[in-house]
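Novice: Let the hints inform the model, and build the full structure from the sequences given.
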Amino acid sequence: MCMKENLIHYRTCVCNINYHMVWSVKYRRKILNPEIEEYLQELVQQIAEDKGFAVHLFECGEGDHVHCFVSAPPKLSITAIVKYLKGITGRKLFERFPEIRNQLWKGELWNHSYYVETIGSVSEENIRRYIEHQSKSY
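Residue 127 in our numbering sits at position 120 of the sequence shown, and the numbers go up by one each step.
Hints are not guaranteed to be accurate.
[Claimed, not checked] Straight line, CA to CA, 27 angstroms or less: simulated BS3-like cross-link-like pairs of lysine-lysine:
no., residue 1, residue 2
1, K99, K82
2, K33, K90
3, K37, K82
4, K58, K99
5, K93, K82
6, K113, K99
7, K58, K90
8, K93, K58
9, K33, K99
10, K93, K37
11, K33, K113
12, K113, K93
13, K33, K93
14, K58, K33
15, K82, K58
16, K99, K37
17, K37, K113
18, K82, K113
[As the list claims (entries may be wrong)] For each label pair, taking beta carbons as the anchor points, the in silico distance ranges come out as:
no., residue 1, residue 2, range
19, Q141, Q48, 40 to 50 angstroms
20, E131, P105, 42 to 52 angstroms
21, C22, E42, 35 to 45 angstroms
22, K37, P80, 28 to 38 angstroms
23, E66, T125, 16 to 26 angstroms
24, W112, I134, 42 to 52 angstroms
25, Y137, K113, 48 to 58 angstroms
26, E44, Y137, 37 to 47 angstroms
Calculated directly from the structure, the hints in this document are not laboratory data. Even glycine gets a Cβ: it sits at the ideal position worked out from N, Cα and C.
Specialist: This is the structure in structure tokens:
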């Protein structure tokens, strides 16, 4: 088993930490039109660069939710990444497209919740097998 693909080297560690994140517009309002989606994609890439993580894929689905494939260093928690992405994009989208406020109440763009799962290049079964077959001789 080779676990050397997609490794990121930092000063004190080597890692491959990836997430699939999904979050939706408040009340599932279908406000993410092509113009907003294009600006949102630029914002997400800029935020990632500023905060030290990478967004490999970004897509809006059905005009009311977002999918993101992200790689991040271990010092960044998933909650911090989501907070950056949802908080900054929400504020900047309202600034650039004030008309979307009319479709939402209480001045919030994104739903409070989100979905996240970790993505690995190696399956759980392969990791278990690898660990179980480590040499026990010292």
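Novice: Could you run down the list of hints and mark each one as holding or not?
Specialist: Cross-check of the supplied hints:
Taking the CA atoms of K99 and K82, the gap is near 26 angstroms; set against the 27 angstroms cutoff, the hint holds. With a C-alpha separation of about 15 angstroms, the suggested pair K33 and K90 falls inside the 27 angstroms cut-off, and the hint holds. For a cut-off of 27 angstroms, the pair hint linking K37 to K82 is broken: about 34 angstroms separates their Cα positions. At roughly 16 angstroms between alpha-carbon atoms, K58 and K99 fall within 27 angstroms of each other, so this suggested pair holds.
The suggested pairing of K93 with K82 holds, with an alpha-carbon distance near 19 angstroms, which does not exceed 27 angstroms. About 16 angstroms separates the Cα atoms of K113 and K99, which keeps this hinted pair within 27 angstroms; it holds. With a CA separation close to 11 angstroms, the supplied pair K58 and K90 stays within the 27 angstroms bound. The suggested pairing of K93 with K58 holds, with an alpha-carbon distance near 13 angstroms, which does not exceed 27 angstroms.
Straight-line distance between C-alpha atoms of K33 and K99 comes to about 16 angstroms, which keeps the hinted pair within the 27 angstroms bound. Between K93 and K37 the CA atoms are separated by roughly 17 angstroms; this keeps the pair inside 27 angstroms, and the hint holds. For the suggested pair K33 and K113, the alpha carbons sit about 10 angstroms apart, so the restraint of at most 27 angstroms is met. A distance of roughly 16 angstroms separates the Cα atoms of K113 and K93; the hinted pair therefore holds under the 27 angstroms criterion.
Taking the CA atoms of K33 and K93, the gap is about 12 angstroms. The hint holds against a cut of 27 angstroms. For the given pair, K58 sits about 25 angstroms from K33 by alpha-carbon distance, which is consistent with the 27 angstroms threshold. With a C-alpha separation of about 11 angstroms, the suggested pairing of K82 with K58 holds against the 27 angstroms cut-off. As the CA atoms of K99 and K37 are separated by approximately 18 angstroms, the hinted pair is consistent with the 27 angstroms bound.
Annotation: proposed proximity of K37 to K113 holds, straight-line Cα distance about 17 angstroms (limit 27 angstroms). Restraint check: the Cα-Cα separation between K82 and K113 comes to about 33 angstroms, which exceeds 27 angstroms; the hinted pair is violated. Taking the beta carbon of each, Q141 and Q48 are about 43 angstroms apart, inside 40 to 50 angstroms as hinted. Restraint check, E131 to P105: a C-beta distance of roughly 46 angstroms satisfies the suggested window 42 to 52 angstroms.
The hinted window of 35 to 45 angstroms between C22 and E42 holds, with their beta carbons roughly 36 angstroms apart. Between K37 and P80 the Cβ separation comes to about 35 angstroms, which falls inside the hinted range of 28 to 38 angstroms. Remark: the range hint 16 to 26 angstroms for E66 to T125 is upheld by a beta-carbon distance near 19 angstroms. Evaluation of the 42 to 52 angstroms hint for W112 and I134 yields a pass: the beta carbon distance comes to about 45 angstroms.
A C-beta distance of roughly 49 angstroms is found between Y137 and K113, which places it inside the suggested range of 48 to 58 angstroms. Checked against the given bound of 37 to 47 angstroms, the beta carbons of E44 and Y137, roughly 41 angstroms apart, stay inside it.
Checked against the numbered hints above, the structure violates hints 3, 18; every other hint is satisfied.
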